[in-house]
Amino acid sequence: MKTLCWVLAAAVLLAPAAASAQTQTPPPPGPPPSVSYPTPVERTLVNGLRVIAVQRPNVPLVAAQLIVKSGSETDPPARPGIASLAADLLNKGTKTRSALEIAQAIDALGAELEASAGFDATRVEVSATTPQFGRAFAILAEVVRAPAFAPAEIARAKTQAISNLQLAYSNPSTLAQLVAQRLMYGEAPYGQPAEGTPTSVGAIARPDLERFHRTYFRPDNAVLVLGGDIAPEAAFAEAERVFGNWAKPAAPLPALPRDKRTAASRVVVIDQPEAGRTAVAVGKPVLRRADPAYIAGVVTNAVLTGYSGRLNAEVRIKRGLSYGASTSLVGRRDPGPFVAATLVDHTKAAEATQVVIDTLASLVGQPAGAEELKPRKAVVTGGFARSLETIDGLVNQVGTLALYGLPLGQINTFIGEAEAITPLKVQEFAAGYLQSNQSVVLVGNAKAFLPDLRRRFAERASRIEVILFNRLDLGRASLVRATGVAGK
Amino acid sequence: MNLTELFVGRFLLGLMLAGMLSLGAAVRAESEAVPLPPVQFSERTLANGLRVLLVEDHTSPTVAIQVAYHVGGKDDPPGRSGFAHLFEHLMFKGTANTKPETLDRLTEDVGGFNNAFTSEDITNYFEVVPSNYLETLLWAEADRLGSLVVDETNFKTERQVVIGEYDQRVLASPYGMLFELLDSKSYTVHPYRRGVIGNPAELNAATLEDVQNFHRTYYQPDNATLVVVGDFDPVQANRWIDQYFGAVPNNSRPIPRVSVVEPKQSVERRTTYYGANVPLPAVALVYHGPARSSPDRAALDVLENVLSQGQSARLYRTLVYEQQVASQVSSSADLREQPGLFVVYAILNAGKKPEQARALLDGEIAKLQQAPVPEAELAKAKTQLIAELVRGREQANDRATELVLATLVGGDPRQVNTALEEIQKLTAQDVQRVARQYLVPTNRTVIDYLPRAMPPAGPTKKERKSP
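These protein sequences, in sequence, are chains A and B. In short: position in the first sequence from 1, add 76, done, that's our numbering. In short: position in the second sequence from 1, add 455, done, that's our numbering.
Rather than coming from a laboratory, the hints here were simulated on the basis of the structure. Be careful, since some hints might not be right.
What the hints assert, rightly or not - Keeping only pairs whose Cα atoms sit at most 27 Å apart, straight-line, the calculated BS3-like set for lysine-lysine is:
(1) A/K501 with A/K450
(2) B/K807 with B/K822
(3) B/K807 with B/K640
(4) A/K394 with A/K324
(5) A/K450 with B/K808
(6) B/K822 with B/K808
(7) B/K640 with A/K394
(8) A/K145 with A/K394
(9) A/K394 with B/K880
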């Protein structure tokens, strides 16, 4: 019955507005534009640093991104948050300059300098106008190679990180994503909270940060991308100038953490009675960024997400359960997560969970036809093109391809590959990757939806775990704080 | 080396390049100068008066489309503040040919986006889409220019939305009313004193006829400017523009223009406001400034930068970092089509007195008047302003906005190609001169913006009632 309703709703949604004799309709789009982004060229320095140059001289700006191919996945299980805190501290002082002096130098150059850690990598980037780039680039090299990790700055960054976590935990949607990550990956590195927990961040000490930096920040574990108004030869010369004497340590690189994702799925309720609404997240680990099926995954995700995507159509437009519902697919070195999420009134949480799961299943039972697929592919290709409009965006995309060992030419083939995804490919992807073993999390006022949840998911009712918010510990795969530990 | 000559030379060369069809190598006159190529735009006016500016650029397979109407808050009819802004909302409702929110579907569903803003002087609608949707969006923009449905239902629904926006932005936001006071306390007769968002009483008093009348007056081809920047063939684009926009008839009624001139201020004015939800006191110094088209614009931008851009700027260093009197400081050269404002304000730390902050702000302003800005500081300001200009050229939509503002608020689209030279040729004496000319007490209004709980020192002043 649900299925029938869906089909009717889709017919209403997707049928073109009936045009009367007087009214005009918008002219259709022309053929997709041909795309030609500059071809990246590369060279490896003697110390092992891979350097990629991508020239686009339309505006006098140059951007550089140094990617260290290690991030939060290297955090020890007992102390997550190290890579993230280290990234926060890179531009807060070096062996020769204070945090304030770095800020003043960057301001005087009209430049921008930022650092951040993800699971697979730490990225440090700088951009400046062409004449100022060389000096700004030297500051990037300085913060990458010789951060001070000064105790006063560490203390300040830890305070900031802990208040950010408290803010995050007070938001049911953010908390649901963090819990979903634990459910999907368990003890594996992707299960750990990248920003740590208040306890783990509090415990991080200077030697942890120095060890992370010493172990992974080395030329043979990094990729440097320079782009914008700079010729490849000049880019290589700049790389040689500031990174040429960056010594490669004799010790071999530690092996990457193994992918140990859990296979068992869980259904968890975090009981947060004071939450304004209930956040629902349904997810599972899907596939590697380098998997050939990834682009079919991106298109499948687009069929589900966005204002006119299937999930929002079901949750918001058709049922008015929520202001919005969306899905995401993240490409990583090891299989990254797919998550569908929404935020609803507590009393509607069980219904919303069921609608989310049914909508994922609908991609197999009522596959998207060519008409439905066309605008969703346009969302993918249009979004990709806009992401490359800026030099920062171009450098970032090239860096992502390099990080995951993909051909750099994909920057010019991606749009064609996305356009070539057929309805059958989307159906196969949904059937193969999105259906079974989903983990489910609800964060909200449990008593308002638990009976309904147990009734709707009767076959899994005995496995529904209910965890009180003040017993939650994201530092543990069990999610429950060890008994006998007092305080926060 | 004679710097003045060099800059004049670069300036002329820039203009010559702007007139050529293809752009050669960017000029690199000196090692430090940023080689910013001029924006190559074509310009024409259709028979119905629509002005069209096109910039062809195939860097990215996207296109930015903007339609700017030369009507803003200052043009609202007397007793009907907020009409220009109300129209921004109505333009997303249906037309004779489309359902409400069609623009959203035509942009978001194809991987693009759309939005709009209303200022004191203009109302600007914009979208960015993959370039093969250019014709679709030109049709949609022409359609809402020509056939917008202004009916009772749309009017009443959107009026409620706008009043909700007023409640949220002006009443609920702790410093929302401060930004209304900047205009309402410094202009005495010019309509800029009414602000843009209007007020619920005047919006509620409006009739559908008022609204339709406003629409017929200002939403006409000869009051609109179309700017397209991005990946398109100009011959084809011009054909579509003629086909869709050219078909919209122009209404011949004259467009009223604001001719009121704000008289020169001759004595300092002071005002105090007490608000219920103000967490910390704020003080503002509001000076009258020139119009955006003034040759003093670049020097005032430098003044703004030196005072408050980044943590190395003067106000931040003195009030926030050293004296810790303020938690936040800001200055802004808010220049407009007609003479605008130069605003300096500080939000204080708990327990600090407005007079302490005013004294420090006055001290910093006095320093700028007494001595020229040191060369290194001037160079930093120029570098930051030029970098900002360059970053604004990266995306098609930003370039389109720059052209719209130069054309309608600055009065000349060619300003986009003179801005760089104007910053480069500035001297420390220019900056000192504008500080002495504009930032004087007789030219300003001082606003103390205080928590209601804070006991007034002198005679009680009544709280300004929410309109």
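Cross-check of the supplied hints:
For the suggested pair A/K501 and A/K450, the alpha carbons sit about 14 Å apart, so the restraint of at most 27 Å is met. For the proposed pair B/K807 and B/K822, the alpha carbon gap of about 23 Å is at most 27 Å, so the pair holds. Note on B/K807 and B/K640: the hinted pairing holds, with a Cα-Cα distance of about 24 Å set against a maximum of 27 Å. Note on A/K394 and A/K324: the hinted pairing is violated, with a Cα-Cα distance of about 59 Å set against a maximum of 27 Å.
Taking the CA atoms of A/K450 and B/K808, the gap is near 62 Å; set against the 27 Å cutoff, the hint is violated. Between B/K822 and B/K808, the direct Cα distance comes to roughly 22 Å. Compliance with the 27 Å bound is thereby established for this hinted pair. Proposed proximity of B/K640 and A/K394 is contradicted: the alpha carbons are some 49 Å apart, above 27 Å. Only pairs whose Cα atoms come within 27 Å are accepted, and A/K145 paired with A/K394 is rejected, the gap being roughly 44 Å.
Restraint check for A/K394 and B/K880: not satisfied, since their Cα atoms lie roughly 60 Å apart, outside the 27 Å limit.
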